[in-house]
Amino acid sequence: MASELNTAIPTYHHRGPSKWPGFVGFSLTAVATLLTLGALFSILGYLVIHGIGAINWNFFFKEPAAVGEAGGGIAPSLLGTAILVSISMVIGAPLGVGVGIYLSEIAGDTRFARMTRIAINTFIGVPSIVIGIFVYFVLVKPTNTFSAVAGGLALGIIMIPIMARTTEDVLRLVPNSIREAGLALGAPQWRVTMDLVLPAARAGVITGGVLAIARVAGETAPLILTALGNEYYPSSLFKPIDEITLRILKYARGPYDVWHQQAYGAALILVFGVAIGSLLLRLTTRDYNAPDR
Amino acid sequence: MTTATAYAPTTRTQRNRRRSGRGDRIYHAVIKSMVCVVLAIFTGVFAVVVVGAWPAMKRFGPGFMVNTGWDPVHLVFGALPFIVGTIIVAFGAMILAGGVGLMTAVCITELLPSWLQEPIAYLIELLAFIPSVVYGLFGLLVLAPLLQRTVEVWLLEHLGSRFALFNGAPYGVGYLSAIVILAIMILPLIVSLSREALILVPRDLKEGGYALGAGRWNVVWGISVPFARNGIVGAFVLSLGRALGETIAVAMTIGGGFHLPTTVMDQGYTLASVIANEFNEVSSDIYLSALIYCGLILFVITVVVNTFAYFIVRRMSGIHGFRA
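Protein chains in written order, with the working numbering: chain A, 86 to 378; chain B, 18 to 341.
Hints in this document: simulated from the structure, not taken from any laboratory. None of the hints are false.
Some chain A residues near chain B, calculated using beta-carbon distances under 8 Å: (1) Thr121; (2) Ala124; (3) Leu180; (4) Gly183; (5) Ile191; (6) Thr201; (7) Asn206; (8) Thr207; (9) Val223; (10) Thr305; (11) Ile309.
If you only want the chain B side, here are some residues facing chain A, beta carbon under 7 Å, derived: (12) Thr121; (13) Cys124; (14) Gly258; (15) Leu315.
Cβ coordinates follow ideal geometry from the N, Cα and C atoms, glycine included.
Taking the hints into account, I'd like the entire structure generated from these sequences.
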């Protein structure tokens with residue numbers, strides 16, 4: 086610490102601080118902040134301005150219109166998104182929460198625990214398209230068809246490390262005294278985890294789930310390799326299925342203004358949903374931090 | 018800080034007592050088997066990608082990574098243009114976003130009044146929640162045409178004759194658009210992680226600086242930033258990992274092309290975006306395998322970068338409780 090101080094402070098004390106570099110410097114940081122916020126607001130602004138016109142009753146409840154024609158909606162995509170996210174929850178949530186419980190409650194500092202932790206942290210950063218390749222070879226190629234199940238599996242695998250990390254984080258915020266109180270009463274560890282620790286962290290775990298849903302609902306790349314997308318209402322879990330980001334991708338790349346407008350509209354809905362998820366996360370984690378810190 | 022340490026049995030008696038319960042044995046078995054399943058999936062992902070890339074690896078060998086030429090008709094494949102493209106796009110985005118992101122983090126933690134810090138930080142975090150396809154949409158329909166009309170024309174007219182780098186046709190979509198859109202995407206990550214590192218600088222240290230007569234600016238760059246450097250470097254490396262692997266937004270804005278770029282306006286591909294855009298065009302097994310080979314290269318690169326970031330960040334977490 087002392088050495089850091091020595092190197093950190095040159096000889097300002099005999100000159101007195103100069104105000105100029107500070108003024109210029111902080112002005113630059115303010116400009117940088119405005120740039121960052123400007124990027125955010127221009128994206129949101131464009132979505133609202135161009136997308137709001139697309140959003141109406143039909144947009145939510147109709148199938149896509151014939152190519153290039155006005156009207157029609159994205160109902161199949163919304164339904165498909167719900168189905169894909171549900172499948173991914175079935176796969177990702179239990180495994181993610183399980184690993185989170187392991188890391189927080191059981192692991193300690195064994196070799197296996199360290200390995201798991203590194204694996205989780207590494208896998209959060211693995212590009213989602215790689216997961217798509219995996220599912221393509223495991224499920225799409227053997228069954229010879231793109232399918233909702235394949236898309237859900239890919240999203241579920243992407244969800245696992247995210248859920249594991251948020252679960253570990255919120256479980257660690259539960260005070261140790263609660264665990265000790267349970268153990269002192271003679272409860273076995275599994276009862277302590279299930280009846281005391283998890284309920285105490287319930288809101289956090291649920292919000293972690295919401296966050297993970299928000300993350301995977303915005304995934305596109307792995308779905309190109311697994312769910313593929315189509316134009317109709319989903320008829321079977323073992324057939325190609327549409328998803329909102331696939332629809333945005335298709336419409337954004339299309340040549341028609343109607344498509345572009347609907348892409349903006351769909352993006353607006355998606356961002357709105359995801360923003361609500363993030364707001365929830367923000368509010369619940371604040372609840373946690375307040376009494377703890 | 019006590020609540021943040023893992024709950025783990027420490028003494029032998031504790032461990033023995035816990036082991037004696039049958040419920041706990043089942044509980045441990047269930048949880049551990051879940052962990053094993055997850056680890057097996059992770060290993061499986063790697064194994065499957067290697068198996069999928071194997072035909073191309075056998076046929077093209079490691080030369081795949083240094084060869085150019087991508088010809089699905091004559092089945093000649095080399096991934097060098099995509100590797101170069103990945104590096105250019107990722108580092109270009111880092112250069113644009115790194116300085117702005119760090120300055121923004123400094124502004125939020127050191128300049129803004131405390132009641133404004135959280136809301137601004139939240140707004141910037143909101144950028145991180147915008148799905149990448151939305152960035153792609155914005156890049157393709159708004160940013161690329163904008164760059165085409167303004168920046169690219171300016172670059173071509175004023176610098177094009179002197180620097181070959183800027184002497185390209187202003188298409189709009191291309192490397193420049195991809196770099197800018199990717200920079201916007203990684204900004205919030207850089208800002209929020211750098212901010213977390215800066216917040217952890219002890220107050221005493223900064224007050225010591227002020228007491229010695231340093232100005233606010235000098236305290237920021239002489240004390241806060243050097244103290245938080247591990248966290249900041251970790252933030253940059255994690256963001257680089259994100260940038261290297263970003264797929265859809267880049268695929269939508271980079272235009273597509275199989276040759277090495279010569280100008281910033283060129284169109285091309287990164288490792289991730291070539292898979293996304295060409296996957297549904299594959300005409301032969303070896304073409305598919307070559308794409309998977311690209312995925313394998315990408316996989317290895319991002320795992321190395323992320324592991325590196327993990328250890329940098331963990332070196333800090335030991336002392337300061339920093340978590341990225």
